[in-house]
Structure formats: C-alpha cells, structure tokens
Amino acid sequence: MQISRSIYMRRAIFSVAASLVGVVFALPLVWFIFAPFNARAELGLAIPSPFTLSNFVTVFQNSFAMHALLNSLIQAFGGVILVGGAATLAAYALSRSSIPGKRAVTYILLLFSSVVSGSAAMVPIFLIISAIGLIDTHLAVILVFAGGLLPTAMFILRDFIDAIPKSYEESAMVAGASPIQTFFDVALPVIRPGIVVVVVWAFVNIWGSFLIPFILLRKDTLMPASVAIYSFYSEAGTPIVTLLAAYSLIYSLPVIVLYLFVNWKFGFRFFGGIKS
Amino acid sequence: MASVEFQNVSKTFGSFTAVPDISFSIADGEFVCLLGPSGCGKTTSLRMIAGLETPSGGKVLIGGKDVTYLHPKDRQISMVFQDYALYPHMNLADNIAYPLKVRGEAEDKRHARAKEVADVLKIGDLMKRLPSQISGGQQQRTSLARALVYPSQVYLFDEPLSNLDAKLRLEARGFLNHLQRDMGMTAVYVTHDQAEAMALATRIAVMDKGRIVQFAPPIEIYRRPATTFVANFVGNPPMNLVPVEAMVDGGQLRLRADGLTLTGLPLSDDIAKAAAKGKMTLGVRPEHLRMAEAGDANTITGKLFANENMGPESLVTMERADGGRVTARIFTDDEIRTDDHVTLAFDTRHVTLFDDTGARIPEIGE
Amino acid sequence: MKKFSLLSTRAGAVFLAPAAALVGVFVIIPFFWVIVVSFTNRTLLGRTAVDPDFVGLQNYFTLFNPATFFTRGQFGFSLILTVQFVIFSALIGQALLGLILAWLSQSVSPTLKNFLQTAVIAAWILPEVVIGFAWFAFLDYDNGTLNMIMRSLGLPPGDWLLQQPFWVIVIFNTWRGAAFSMMLFNSAFQSIPPSYFQAADVAGASSWQKLRDIALPLIRGHVVTDLILITMWTFNVFTPFLLTNGGPSYRTELLSIYTYRVAFKDFEFGRGAAVGVVIMLINLAFALIYLQIAKKKKAEAE
Chain A
1 MQISRSIYMR RAIFSVAASL VGVVFALPLV WFIFAPFNAR AELGLAIPSP
51 FTLSNFVTVF QNSFAMHALL NSLIQAFGGV ILVGGAATLA AYALSRSSIP
101 GKRAVTYILL LFSSVVSGSA AMVPIFLIIS AIGLIDTHLA VILVFAGGLL
151 PTAMFILRDF IDAIPKSYEE SAMVAGASPI QTFFDVALPV IRPGIVVVVV
201 WAFVNIWGSF LIPFILLRKD TLMPASVAIY SFYSEAGTPI VTLLAAYSLI
251 YSLPVIVLYL FVNWKFGFRF FGGIKS
Chain B
1 MASVEFQNVS KTFGSFTAVP DISFSIADGE FVCLLGPSGC GKTTSLRMIA
51 GLETPSGGKV LIGGKDVTYL HPKDRQISMV FQDYALYPHM NLADNIAYPL
101 KVRGEAEDKR HARAKEVADV LKIGDLMKRL PSQISGGQQQ RTSLARALVY
151 PSQVYLFDEP LSNLDAKLRL EARGFLNHLQ RDMGMTAVYV THDQAEAMAL
201 ATRIAVMDKG RIVQFAPPIE IYRRPATTFV ANFVGNPPMN LVPVEAMVDG
251 GQLRLRADGL TLTGLPLSDD IAKAAAKGKM TLGVRPEHLR MAEAGDANTI
301 TGKLFANENM GPESLVTMER ADGGRVTARI FTDDEIRTDD HVTLAFDTRH
351 VTLFDDTGAR IPEIGE
Chain C
1 MKKFSLLSTR AGAVFLAPAA ALVGVFVIIP FFWVIVVSFT NRTLLGRTAV
51 DPDFVGLQNY FTLFNPATFF TRGQFGFSLI LTVQFVIFSA LIGQALLGLI
101 LAWLSQSVSP TLKNFLQTAV IAAWILPEVV IGFAWFAFLD YDNGTLNMIM
151 RSLGLPPGDW LLQQPFWVIV IFNTWRGAAF SMMLFNSAFQ SIPPSYFQAA
201 DVAGASSWQK LRDIALPLIR GHVVTDLILI TMWTFNVFTP FLLTNGGPSY
251 RTELLSIYTY RVAFKDFEFG RGAAVGVVIM LINLAFALIY LQIAKKKKAE
301 AE
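Sequence lines, in order, name chains A, B and C. All residue numbers in the first sequence are consecutive under this note's numbering, ending with 276. All residue numbers in the second sequence are consecutive under this note's numbering, ending with 366. All residue numbers in the third sequence are consecutive under this note's numbering, ending with 302.
Please note that a few of the clues may not be correct.
[Stated by the list, open to error] Simulated pairs of lysine-lysine, PhoX-like, Cα-Cα distance not exceeding 25 Å:
| hint | chain 1 | residue 1 | chain 2 | residue 2 |
| --- | --- | --- | --- | --- |
| 1 | B | K65 | C | K3 |
| 2 | C | K113 | A | K166 |
| 3 | B | K209 | C | K113 |
| 4 | A | K166 | C | K295 |
| 5 | B | K115 | B | K128 |
| 6 | C | K3 | A | K166 |
| 7 | A | K219 | C | K265 |
| 8 | A | K102 | C | K265 |
| 9 | B | K115 | B | K101 |
| 10 | B | K128 | A | K265 |
| 11 | C | K265 | A | K265 |
| 12 | A | K102 | C | K296 |
| 13 | A | K166 | B | K277 |
| 14 | C | K265 | B | K59 |
| 15 | C | K295 | A | K102 |
| 16 | A | K102 | C | K113 |
| 17 | B | K167 | B | K122 |
Please keep in mind that the hints were generated in silico from the structure rather than gathered at the bench.
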C-alpha cells in the first residue's frame, strides 16, 4: 500500500526528528544530573563512579550555603505573600467592583509593567531603596519583587476572575450573606486555583532571580542562593565543581517540585505568560 | 410569602435602555412567569426584584415594603440561577445549608434541615458529594434545595431548566408544578420557553423590548393573545397569522387574501373601525385547522410545503401564493391527502382578528 | 441612593490600595525617577552622590557621541549587538524553534512528546544561575560535553566562549526561551478544531501543506503576540551575563549588561539612567504595538 507506507515513513521521520531535538535540548543538562553524585566530578560528563552522596553532605555542612538557601526562602516567601495577597485583592476589585476607570487602570498597569524592566529600572530602584534606607535588607528584595511582579500577577488573576460567573457571589448575597462573608466563603475559595498559579509563578520568579538581589544586597549573610552560588570557587578562582553541582541540584529542587505540582494539579496549561 | 410590586420601574445600562417603564403587581401566592425572547428585559426585571440590579427609576416593593435600594441579603428572598451557582468547594450538604449558615444556624441543625429538603428532592443520599460529582439534573435539584431550605418571601427563578436535556426538563417542570400546588409560594419565574410558562404559571407576563405586552392567566393568553407578537410567541407551533385586506360589505366583514375563501363575518363597532383602515391580520391556531372536505365554506389553500408526522398528530404546512405559510395540526387518524395542493378548513368561531397595529380586536360581546 | 454591585466602590478602593502602593513605589516612581536621574551627573560615591548637578542632555550626548558610538564597550555597540541578539535568538531562534517543536509535538507518540516537552520546559524553568553554570560546564574546552561530542565525531573542539561568544549567547538564549513559544503555539494549535486537519487528511495533504495552508493562517494572531512578547523579553534579558560576564572584551555586552556595568561598576548613575530611558522608550514602542493588537483582538472576540 503506497499511502500507508508514506504515512508510516512520515511518522518515523517525525519521531526521529523529535527525539533528536529532545536530546539536543537535554544535553546541556545531562552533566547537571550526573555530576552531583560523582565524588571526583569535573566539568566533563561522566557516569558517577563511585556513586556518592558525599557532595550533598559537604553542602549541608557548609553553613554559608545553607544560610543562603534560607535567605532565598525568606525572600521568596515574603514576596509571594505580598504578591499573592495584593494581587488577589486588586484583581478582585478590577473584576467585580464598580470603580470607575477600571479599564484605564489595567491598561496603564500593563504598559508600565512591560516598559519598566529590571534592566531599565535598576538605577532608580537602587536609588529608591537607598533613599528609604533599605539597602542590604530582605525587605528591599521582597518589596522590589512584589512591585515588579504585581502587574502581571494582577492581570493573570483578573482574567481568571473575569471568567468565573458572577452568579456564585450573587447567589450567596441573595441567600443572605454579607459582602465580607461572600468574599471569604465563596469568592476566595472559587478563585483559589488562580491564586495558586500566580503564587507558584511568583515563587519561581523570585527564587531563580539573580539581578535584583545582586544589586540590592552587599552583606554575605543576606545573599540568596542565586548569588551565593558564586562563592563556590577556590582561592584561585576555579569552581569547586562537586559542590557547585550538588548545590545547584538542591537549589533547583523547589522549582522542579512546583513544576510537577502545577503539572499534576492543573496540567501545564498556558497561563498568558506564566513566566515573564 | 409576600406580594411583589413594580411602580414605574426603569433600567438603563449606559445608553442602552433595558426596561423603559414597567409597572405590575404580583399577589401573595402567585406563580408568575416572565416570558419573552432574549433581550426583552425579563432577566433584568427579575434581578431588580432580587436586588442584583438597582433600578434607574421607580420603586420595587416586596410585601408592601419599599426595597428599591435594599441589599439582596436583607430581602428575605431566594433565587435559583440558570447555571445553578453551586459552590464547587462545598459538598451538597454545605451548599444547601449555606443560607442557614449565614443566618447563624448551628451546624447540626442546618445539616438536618438540609437533609430534610434534600430528601424531598431525592438527593438526600448524595449529601457528601461535591457538585462536580453529580449529574446535571441532580445539580439542578441541589440549587432548588438551597432555595427552599429557608422560608422566603419570594422565590425567584432565572431560567432554571434551560441547561437540562428535554426529558429531564419535563420531569423538573412537573416537580416544580407539584411544589407550587403544595407550598403555594410566591414565585417569579423567567423563561423564554412558552411551554414552561404555560405549564407552571398562574399568570404570565409576556414581555417584548422592555415592556409587558400582556399580563394574564395562561389560558387567556393562549385564547386571546393581546397582539400578534403574543400570538406568534405562545403555542407550538404558534398561531397562523395571515395578512388580509378588509372591507365592509352588506353589513358584513369581508377579508381577502391569496388562497383564502371566507364567508362574511359579523360586524361590531370595533371591527368596523379596524376594517376602515383596510388592513387586518387573521389568526387561526393550528389545531383549529383540518383537511377541507367538499362543502366547506371557510378554507385556505396553497402548495404543500411539509408534512411532519409527530405520532398522534401530523403538522401539515402549506405555502400560499404570496409566500406566507400556514400550519395545521391534524390527527394522524384522519386521512391526509398530500397532493401538490392542500386545502384546509376552519370555523369562523375560532378566528382571531388583529388590527393594522397588531392589536387584537375585541370579539363581539366581549 | 446606592447602586448595587458585588464590591462597592469604597471596598474596591481599599482592595486596590496595597497593590497600588507597591506598584506605585517600585514601578511607576522608578519610571519617572530614571528620567530625572538621566539629566544629572549622579554617582554612587563622592560629592555628586548626595548633591548631583543638573547636566541637561549631556548623558545622552555622551551615549550618542558619533566619535565613539560604534566602539566596543560603548552604547552604540551594545545597542546594535542587542538588536542582532533579538533578531537571531528571539525572532528567528525561539519563534521558529518553538513553532517546529509545537508542530513536532502534535505528530509524535505521547511518550516522545512528554520527553521532548520536559526537556524544553526544563531549560526554561530552572533558575538562571544553574542554567548559566550548566552551560559553562557544557562548553568547557578540556572536558565539556560539547567538545567531547565534537572529538568523538572526529571534529575539532573549540573554545566556544572565547571564539564565538556572540553565537554562544544566541544559541543559549534560543535554547533557554524556546519553551514559551512552543507552549504558546501548542495552545494555538489545540484551539484549531481537529476536523480541519482531518478534512485535509482526507484530501491527501502533506504535513507541510497542513502547516502552511491551515495551521499558520489560523494562528497568525498568536504568532504576532509571540514575536512581540519574546522580542520585549529578549531585549531586556540579563541572563547571558551569567555565562560571559559581557565579555570577552565587551563582545557580548548587551544593553542590560552595559547598563549594569556603567551604573554599578563605573558608578555613573546618570549615564546608566540615560541608557535605562532609551531601553524604556524602545520597550514603550513594543508595548504600545502589543496592547493595540491585544485590544483589537479583544474587540473582535466580543
């Protein structure tokens, strides 16, 4: 059969192409999977021999490295709470309230958030943080991330809330619930999936980000993992590969776990630019 | 239970006028259907009773009390929504008991009451399920249970059956009718389905473009539609409307249209006045038409267009020379001659006349 | 006389307040402040740190000075470099690769599709410093995976970061960001009713014909959205800094890295701010185009 053979050929070609591309994409990361478990890891790719967890033990014993992870957690949690809370309230107001000029507010927010990027605003952000005396504090990093991520978070959440029928809240009010009861009993639980998505997105952004803490923090004791990772160099300036690899894996773990969580819970659908 | 009254209520959204000026009153214990095509203002009117829209003008009264600007929560009403609005994070027990919760009822008490109502609606054994885990018909009954769980002044329904398939809809309609007979509740029920309105209402308000065209008991609306709009909206298939030329001749009304043969009709002052304008509309319900036999004096004839067998009856549709169609409901037991041409006969007692503006002309002696 | 709404105007204002404060202080004020600073000779240390002078357009004259404009390590060089970077890594690299990836995903088995998408998305979601280091190891001259493969294929190894730094960051950024375009096109393809493709199958169309004649015309809007968004992001991206530090000898110094060097290594805030203003103007142009298209699309949908 001419036709079925050509379909078979086409399938095979597509499969080979897809496998090749997948392998090429995975290649730079393969080293990163093997090296942490290799006692004599170098920059080269090698099957761990002997297989060991000693690199992780060394990392766990390195108080500076562990402290940096804690700093990352503080900054990410702080930022996430601010972004999640403020974005939920604001998005709900933009979607449901009778405030005049909601459209204009949304438009201006979107415009500013895309114009004022980290690279454009690093100078004034540094100056503002200096002016209010927050240089070298966790709060500085938390506030700057909260401000920077909020417009996108609000926009994603507003779209999400817009898609939820108003009849949920209306039925609660007709049934006798006050606006406060309606918000907490009905609206908040119904928009919770959207909040989870925004919170995960904000967490991953803050957790992985380098530039803002790099600019705003000087003290070693405040450095998040993304900046502290550069301390794993020997006196001579060459990287201590075993440590770096193990630490990178530990540091990446929350992101991987969150990705798997979102993937399992919602399917990794497309949320209008979940990562900016 | 309480009465509901609208006094010159209007509602505009920006430049769009949904309801220009509407007044009516619904007595305690009435089941009123607001019936009309989409965009006729029926849902807006219902939402103004609920307090979910604030009128732009006029007054809304419930139980004689002015509630125009009262928050929905303070109105002592319940409402069933088109999409049911069941809270996805609460199980059926919590969903049904929610109105009692916000009234401060203790948990065991409100759950007992919820179960009581749920049992009546035959969803009592699903109380631990989430709304996403039950069928559409069960969801509909859950939303009904939530509305019935506490005593209300007025029960509001916003197209509550429109998301059900045909069979479940009939079943739910029958249940609602039973409930109304049982409780004698004051209810306002919005629908675009004329059969639903006919089956449920004690009175129907037919709405068009934000106005109430006719507000009367179902049978009255069916027998004496106030306008051609009502005649065309109520009944399935709707009343046949044939535009005719009218004149008075020899003390009788004569009507002329393609394919129409009609004896003279008796005159009244109203009829004579309408006939003087020259144009009228003749209305005949499909069930009042039959296959003509030799000697029938009043007939209408045209080319056969369709012959749909519905089991006990057939819908025979013909097209007259001017393109207008006429449908007859014929018992299948009768012999249907499906030649090229069909001639249908009717009795002048069953004729409804409308003047040139579409308003019904009162019958003689009415 | 109060009109009913789910959230009253006053409550709405209260709800908006925290977000308004944060966005106001950390997004909107910086927007105006960077403009102000760009007209001064503010520095990090010294007299001009506390009491900067107004210097008018001098910072801009320095940036656009024709004598040094195209010199390596100067503004013009970075600007042109960034434009090339955007064209090659975003418009050609990410968008085209994303489209191919999405199309491939459609036509292979679910297992293979999962593997492909996991690899692509991993490159996108892992923290940038980790990615930077992984690539550093990948490209190492002596032991790196890439040279290992080159040698085993009998090809000459290269010290890529020294020899081809620009193409390294182009490929790096393509690899890093392709996931976004892939996912956008994935969801675009999924929005096309399968019957369209089945009808084409019945008519005997090839995969290429289906892509060209059915899929692409239907997702034109998504393509435009994708191109503008990845252009804006790539234009502002700082991640290549983690791979090359802007070097060697400024050959990968993108505008974002240039700003960083001028402001935080040379401590010339005034000049750094001026670069920031230019970046914002370019961002503004793209954002306006994007919002205009989004508005039109929304109007069409309604």
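Tested hints:
1. With a CA separation close to 19 Å, the supplied pair K65 (chain B) and K3 (chain C) stays within the 25 Å bound.
2. As the CA atoms of K113 (chain C) and K166 (chain A) are separated by approximately 38 Å, the hinted pair breaks the 25 Å bound.
3. Restraint check for K209 (chain B) and K113 (chain C): the C-alpha separation of about 54 Å exceeds 25 Å, so the hint is violated.
4. For the suggested pair K166 (chain A) and K295 (chain C), the alpha carbons sit about 23 Å apart, so the restraint of at most 25 Å is met.
5. Using a Cα cut-off of 25 Å, the hinted pair K115 (chain B) and K128 (chain B) holds, with the two alpha carbons roughly 11 Å apart.
6. As the CA atoms of K3 (chain C) and K166 (chain A) are separated by approximately 17 Å, the hinted pair is consistent with the 25 Å bound.
7. For the hint pairing K219 (chain A) with K265 (chain C), the CA-to-CA distance comes to about 17 Å; that is within 25 Å, so the pair holds.
8. With a C-alpha separation of about 42 Å, the suggested pairing of K102 (chain A) with K265 (chain C) is violated against the 25 Å cut-off.
9. For the hint pairing K115 (chain B) with K101 (chain B), the CA-to-CA distance comes to about 14 Å; that is within 25 Å, so the pair holds.
10. Distance restraint check for K128 (chain B) and K265 (chain A): the Cα-Cα separation of roughly 22 Å lies within the 25 Å cut-off, and the hinted pair is therefore satisfied.
11. Under the criterion of a C-alpha separation no larger than 25 Å, the hint pairing K265 (chain C) with K265 (chain A) is inconsistent with the structure, at around 45 Å.
12. Note on K102 (chain A) and K296 (chain C): the hinted pairing holds, with a Cα-Cα distance of about 18 Å set against a maximum of 25 Å.
13. Straight-line distance between C-alpha atoms of K166 (chain A) and K277 (chain B) comes to about 51 Å, which puts the hinted pair past the 25 Å bound.
14. Distance check on the hinted pair: K265 (chain C) and K59 (chain B) sit about 71 Å apart at the alpha-carbon level, beyond 25 Å; violated.
15. For the given pair, K295 (chain C) sits about 15 Å from K102 (chain A) by alpha-carbon distance, which is consistent with the 25 Å threshold.
16. Straight-line distance between C-alpha atoms of K102 (chain A) and K113 (chain C) comes to about 42 Å, which puts the hinted pair past the 25 Å bound.
17. For the given pair, K167 (chain B) sits about 17 Å from K122 (chain B) by alpha-carbon distance, which is consistent with the 25 Å threshold.
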